[in-house]
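Novice: Here is what each chain is made of, one letter per residue.
There are 2 protein chains.
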Amino acid sequence: MSYWHTDETHDPARTSWVASAQDHGDFPIQNLPYGLFSPADEAPRAGVAIGDAILDLAACVGAGLIDCAPLLEGQLNALMALPVAERIALRRRISALLSDPAHRPAVEPLLHRAADCTLHLPARIGDYSDFYVGIHHANNIGRQFRPDNPLLPNYKYVPIGYHGRASSIRPSGDPLVRPRGQRKPPDAEVPLVGPTARLDYELELGVWIGAGNDLGSPIPIGEAADHVAGFCLLNDWSARDFQAWEYQPLGPFLAKNFHSTISPWVVTPEAMAPFRIAQPARPDGDPAPLPYLSDADDQAYGALALTLEVYLSTQAMRDAELSPMRLSQGPASNMYWTVSQIVTHHASNGCNLMPGDLLGSGTISAPTRDGYGSLMEISSGGREPISLPSGETRCFLEDGDEVTLRATASAPGNVSIGFGECRATVVPAR
Amino acid sequence: MSYWHTDETHDPARTSWVASAQDHGDFPIQNLPYGLFSPADEAPRAGVAIGDAILDLAACVGAGLIDCAPLLEGQLNALMALPVAERIALRRRISALLSDPAHRPAVEPLLHRAADCTLHLPARIGDYSDFYVGIHHANNIGRQFRPDNPLLPNYKYVPIGYHGRASSIRPSGDPLVRPRGQRKPPDAEVPLVGPTARLDYELELGVWIGAGNDLGSPIPIGEAADHVAGFCLLNDWSARDFQAWEYQPLGPFLAKNFHSTISPWVVTPEAMAPFRIAQPARPDGDPAPLPYLSDADDQAYGALALTLEVYLSTQAMRDAELSPMRLSQGPASNMYWTVSQIVTHHASNGCNLMPGDLLGSGTISAPTRDGYGSLMEISSGGREPISLPSGETRCFLEDGDEVTLRATASAPGNVSIGFGECRATVVPAR
Numbered sequence: 005m006s007y008w009h010t011d012e013t014h015d016p017a018r019t020s021w022v023a024s025a026q027d028h029g030d031f032p033i034q035n036l037p038y039g040l041f042s043p044a045d046e047a048p049r050a051g052v053a054i055g056d057a058i059l060d061l062a063a064c065v066g067a068g069l070i071d072c073a074p075l076l077e078g079q080l081n082a083l084m085a086l087p088v089a090e091r092i093a094l095r096r097r098i099s100a101l102l103s104d105p106a107h108r109p110a111v112e113p114l115l116h117r118a119a120d121c122t123l124h125l126p127a128r129i130g131d132y133s134d135f136y137v138g139i140h141h142a143n144n145i146g147r148q149f150r151p152d153n154p155l156l157p158n159y160k161y162v163p164i165g166y167h168g169r170a171s172s173i174r175p176s177g178d179p180l181v182r183p184r185g186q187r188k189p190p191d192a193e194v195p196l197v198g199p200t201a202r203l204d205y206e207l208e209l210g211v212w213i214g215a216g217n218d219l220g221s222p223i224p225i226g227e228a229a230d231h232v233a234g235f236c237l238l239n240d241w242s243a244r245d246f247q248a249w250e251y252q253p254l255g256p257f258l259a260k261n262f263h264s265t266i267s268p269w270v271v272t273p274e275a276m277a278p279f280r281i282a283q284p285a286r287p288d289g290d291p292a293p294l295p296y297l298s299d300a301d302d303q304a305y306g307a308l309a310l311t312l313e314v315y316l317s318t319q320a321m322r323d324a325e326l327s328p329m330r331l332s333q334g335p336a337s338n339m340y341w342t343v344s345q346i347v348t349h350h351a352s353n354g355c356n357l358m359p360g361d362l363l364g365s366g367t368i369s370a371p372t373r374d375g376y377g378s379l380m381e382i383s384s385g386g387r388e389p390i391s392l393p394s395g396e397t398r399c400f401l402e403d404g405d406e407v408t409l410r411a412t413a414s415a416p417g418n419v420s421i422g423f424g425e426c427r428a429t430v431v432p433a434r
Numbered sequence: 005m006s007y008w009h010t011d012e013t014h015d016p017a018r019t020s021w022v023a024s025a026q027d028h029g030d031f032p033i034q035n036l037p038y039g040l041f042s043p044a045d046e047a048p049r050a051g052v053a054i055g056d057a058i059l060d061l062a063a064c065v066g067a068g069l070i071d072c073a074p075l076l077e078g079q080l081n082a083l084m085a086l087p088v089a090e091r092i093a094l095r096r097r098i099s100a101l102l103s104d105p106a107h108r109p110a111v112e113p114l115l116h117r118a119a120d121c122t123l124h125l126p127a128r129i130g131d132y133s134d135f136y137v138g139i140h141h142a143n144n145i146g147r148q149f150r151p152d153n154p155l156l157p158n159y160k161y162v163p164i165g166y167h168g169r170a171s172s173i174r175p176s177g178d179p180l181v182r183p184r185g186q187r188k189p190p191d192a193e194v195p196l197v198g199p200t201a202r203l204d205y206e207l208e209l210g211v212w213i214g215a216g217n218d219l220g221s222p223i224p225i226g227e228a229a230d231h232v233a234g235f236c237l238l239n240d241w242s243a244r245d246f247q248a249w250e251y252q253p254l255g256p257f258l259a260k261n262f263h264s265t266i267s268p269w270v271v272t273p274e275a276m277a278p279f280r281i282a283q284p285a286r287p288d289g290d291p292a293p294l295p296y297l298s299d300a301d302d303q304a305y306g307a308l309a310l311t312l313e314v315y316l317s318t319q320a321m322r323d324a325e326l327s328p329m330r331l332s333q334g335p336a337s338n339m340y341w342t343v344s345q346i347v348t349h350h351a352s353n354g355c356n357l358m359p360g361d362l363l364g365s366g367t368i369s370a371p372t373r374d375g376y377g378s379l380m381e382i383s384s385g386g387r388e389p390i391s392l393p394s395g396e397t398r399c400f401l402e403d404g405d406e407v408t409l410r411a412t413a414s415a416p417g418n419v420s421i422g423f424g425e426c427r428a429t430v431v432p433a434r
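So the protein lines, in turn, are chains A and B.
Heads up: the first sequence begins at 5 in the working numbering, then just goes up one per residue.
Heads up: the second sequence begins at 5 in the working numbering, then just goes up one per residue.
Honestly, the hints are just simulated from the structure, not real lab data.
Honestly, I wouldn't trust all of these hints.
No copy is singled out in the list; a pair is fine if it fits within one copy or between any two copies.
With a Cα cut of at most 25 Å, we get these calculated DMTMM-like pairs of lysine to aspartate or glutamate [what the hints assert, rightly or not]:
hint : residue 1 : residue 2
1    : LYS188    : ASP288
2    : LYS188    : GLU402
3    : LYS188    : ASP290
4    : LYS160    : ASP191
5    : LYS160    : ASP290
6    : LYS160    : ASP301
7    : LYS160    : GLU12
8    : LYS160    : GLU193
9    : LYS188    : GLU388
10   : LYS188    : ASP403
11   : LYS160    : ASP104
12   : LYS160    : ASP288
13   : LYS160    : GLU227
14   : LYS188    : ASP152
15   : LYS188    : ASP374
All chains, full assembly: derive it from the sequences and hints.
Specialist: Laid out in structure tokens, this is it:
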């Protein structure tokens with residue numbers, strides 16, 4: 005039951021001697037997410053975010069402050085693969101180093117100002133799989149592509165997923181080149197080729213796989229939580245016009261694989277322990293999950309008390325010094341399947357998951373428009389533009405638009421933690 | 005125009021001092037495919053197949069016989085990424101070492117009996133994408149899943165593809181565990197969970213990516229051939245019952261990602277140069293490829309004179325010492341799109357391909373049943389069992405069945421070359 009483990013690292017009274025960590029919305033000492041960073045021009049190395057600073061964990065190992073060899077590798081895959089007990093021990097050690105003033109003299113020289121550092125993808129992502137567990141999104145999109153048949157008969161039995169592209173995943177901040185491709189307007193005789201006219205974002209929860217499984221050996225639902233190394237935000241950029249034309253019969257391909265943006269900090273299951281909540285009950289009449297996807301603990305603790313937000317800033321808004329506009333806000337618990345259920349389903353046929361694999365939840369939308377997780381939904385497929393404070397309107401994204409995803413976990417009696425930004429700006433097609 | 009380059013290495017009069025290379029159906033000196041092999045218990049290293057032997061290329065570099073640092077890495081990704089001119093130079097050097105008797109004293113000690121070696125995956129496969137360019141297969145399967153609508157309107161404009169699973173690709177010889185999963189018979193109220201009852205193979209051509217492209221920068225059709233490092237056979241094992249239930253709306257997932265088998269030798273574009281043929285003309289009335297997929301040279305030389313075969317051997321057949329039965333034979337030119345067209349299409353939205361990525365053609369079927377590339381087609385969806393020499397019948401694969409794919413390239417005035425085996429045996433579900 006590792007995923008409900010709390011200890012002194014979660015104590016709301018615990019503070020860090022790093023001043024900026026106090027009341028830091030994202031990275032108080034109760035969070036301690038891992039990342040791969042470069043100070044100035046130096047080589048990438050493991051770090052942990054604390055307030056506005058990053059602690060160089062590789063340097064901590066070098067200085068004898070931490071005993072954890074995987075922190076010396078140039079990727080976090082080996083760190084992610086650690087057994088849960090070792091991950092918990094590492095977290096406790098880092099929390100002690102950053103809270104106990106006695107450690108300050110040794111540790112402080114190993115801190116870097118985050119603003120001076122570059123954040124990289126935390127792991128070598130072997131495979132990236134994307135799911136479709138946001139049931140309100142599935143309904144909204146399904147209605148646009150298949151008006152008579154929005155939710156297919158398999159949806160409430162199968163955590164629907166598909167494979168995505170690992171090579172084009174990029175960390176927050178990397179600009180997104182508007183993709184070219186084929187689209188076929190209903191009145192066109194042949195498809196047109198050119199930059200997408202329906203560029204969209206998708207608000208998703210990302211899940212980092214920790215310990216893997218051998219090919220041919222499924223992961224029982226009761227063990228699935230131990231195979232999760234952390235969480236991030238994921239923007240699964242989508243070209244809706246390409247998607248509508250290409251997606252049958254084998255699913256989305258070029259409509260999705262041109263770029264995906266993630267928040268670069270790995271928020272651990274340990275950090276999320278206080279924010280575990282019960283999976284919302286299925287509506288009356290829905291089938292119970294099949295036995296291989298059923299687990300009482302997972303139902304009791306398998307959802308996350310996590311608020312997801314999307315912000316938009318256009319070039320004109322930035323020129324006028326207007327703040328980004330929030331497009332939506334909603335809870336991550338609008339997932340029809342839990343993280344453990346998607347992990348177990350993915351491996352149920354013996355498919356081997358590997359440390360550093362990334363799973364996406366699929367777009368998470370709330371039932372109402374102020375919580376829709378994509379412009380395709382917010383603009384009703386491009387028919388209802390939204391108005392921006394600059395006087396502009398948008399159905400889909402224009403060049404220069406900047407989209408930022410945010411996530412905040414909160415629970416009574418606990419210090420809230422955040423995921424950091426998942427942000428990118430659209431640049432013109434080449 | 006590298007893909008039509010021939011030189012002395014293709015000379016049909018050239019022979020090797022390795023006796024078994026003469027009249028070797030797969031690996032005469034005109035082939036020289038690369039692989040990653042281990043002699044006995046030793047570490048994997050780069051090698052080249054010659055007759056019944058493997059030449060240790062890493063040892064050749066160590067001995068000063070070859071000057072090519074990428075051969076010293078434990079994977080062939082860097083070798084695959086070499087510019088075409090360097091690949092051609094390397095091939096000429098290896099061909100000289102293995103043909104000129106003057107080199108025999110230095111080279112012969114670096115040969116290993118292939119039968120004593122283990123073959124590995126040749127590269128770290130970053131991403132695996134599977135296409136659907138076998139038009140007769142698309143028609144046959146489409147008719148079973150969508151009787152009224154076998155070939156969708158996008159098929160003749162879009163080289164349809166989707167992302168597959170890289171982690172579960174295995175070299176020839178590794179057994180395949182029958183997967184478990186959800187299937188829903190038409191008369192069942194809820195899905196059943198258990199081992200697949202419709203296990204199938206798929207006969208595909210695999211394409212290894214060599215030099216990659218930067219994210220956001222497409223690959224023009226005229227340059228696509230230079231991004232291909234080689235070819236292999238690919239068996240995209242499929243659970244047809246899982247596929248029918250799960251594949252809408254996002255495509256195949258657990259029906260395909262439990263295991264894929266490849267032939268471990270990388271047959272280079274250089275080796276295939278004499279076997280380039282014109283892409284078959286599209287049937288009257290079909291649209292011309294869109295401009296970004298059109299290239300006169302590709303139409304003239306973009307197809308391969310390659311015969312593909314599938315053999316089946318059951319446990320009962322092996323017990324009775326019966327030879328494997330050939331299930332099908334057909335030409336690879338039944339691809340509606342060329343290799344260059346699928347490479348260019350894949351990167352047309354800026355998606356970055358990487359050295360060591362693997363593309364699958366999708367199942368290649370001939371127009372008639374003796375050339376169908378899957379049991380789903382041969383057995384008409386399980387309604388017309390085939391009879392085996394053991395007196396058994398098959399609609400789909402049973403435990404103990406062994407499937408072997410083979411490929412042979414032939415052209416008048418040239419020595420034929422083969423791809424080696426792509427073979428695996430089905431073992432019971434765990």
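Novice: Evaluate each hint against the coordinates.
Specialist: How the hints compare with the structure:
Proximity of LYS188 and ASP288 under a CA criterion of 25 Å is satisfied inter-copy only: 22 Å between copies versus 40 Å inside one chain copy. In this homomeric assembly, LYS188 and GLU402 come within 25 Å of each other (Cα to Cα) only inside a single copy, at 20 Å, whereas the closest approach across copies is 44 Å. Taking CA atoms no more than 25 Å apart as the test, LYS188 paired with ASP290 passes between copies only; the shortest distance there is 17 Å, against 37 Å inside one copy. With identical chains, the CA atoms of LYS160 and ASP191 are at most 25 Å apart between copies only, with a shortest distance of 18 Å across copies and 35 Å within one.
Taking the shortest Cα distances, LYS160 and ASP290 sit within 25 Å of each other inside one copy (7 Å), while across copies they are farther apart (40 Å). In this homomeric assembly, LYS160 and ASP301 come within 25 Å of each other (Cα to Cα) only inside a single copy, at 20 Å, whereas the closest approach across copies is 50 Å. For the identical chains of this complex, LYS160 and GLU12 are neighbours neither inside a copy (39 Å) nor across copies (62 Å), given an alpha-carbon limit of 25 Å. Taking the closest pair of Cα atoms, LYS160 and GLU193 come within 25 Å of each other only across two copies (13 Å); inside a single copy the shortest separation is 38 Å, beyond that limit.
When the C-alpha separation of LYS188 and GLU388 is checked against a cutoff of 25 Å, the pair qualifies only within one copy, where the shortest distance is 21 Å, while the shortest distance between copies is 39 Å. Taking CA atoms no more than 25 Å apart as the test, LYS188 paired with ASP403 passes inside one copy only; the shortest distance there is 22 Å, against 45 Å between copies. Taking the closest pair of Cα atoms, LYS160 and ASP104 never come within 25 Å of each other, the shortest separation being 49 Å inside a single copy and 66 Å across copies. For the homomeric pair LYS160 and ASP288, the shortest alpha-carbon distance inside one copy (12 Å) is at most 25 Å, but the shortest distance between copies (45 Å) is not.
Taking the shortest Cα distances, LYS160 and GLU227 sit within 25 Å of each other inside one copy (22 Å), while across copies they are farther apart (46 Å). In this homomeric assembly, LYS188 and ASP152 come within 25 Å of each other (Cα to Cα) both inside a single copy, at 22 Å, and across copies, at 22 Å. In this assembly of identical chains, the alpha carbons of LYS188 and ASP374 never lie at most 25 Å apart, being 30 Å within a copy and 37 Å across copies at closest.
Comparing the model with each numbered hint stated earlier shows that hints 7, 11 and 15 do not hold.
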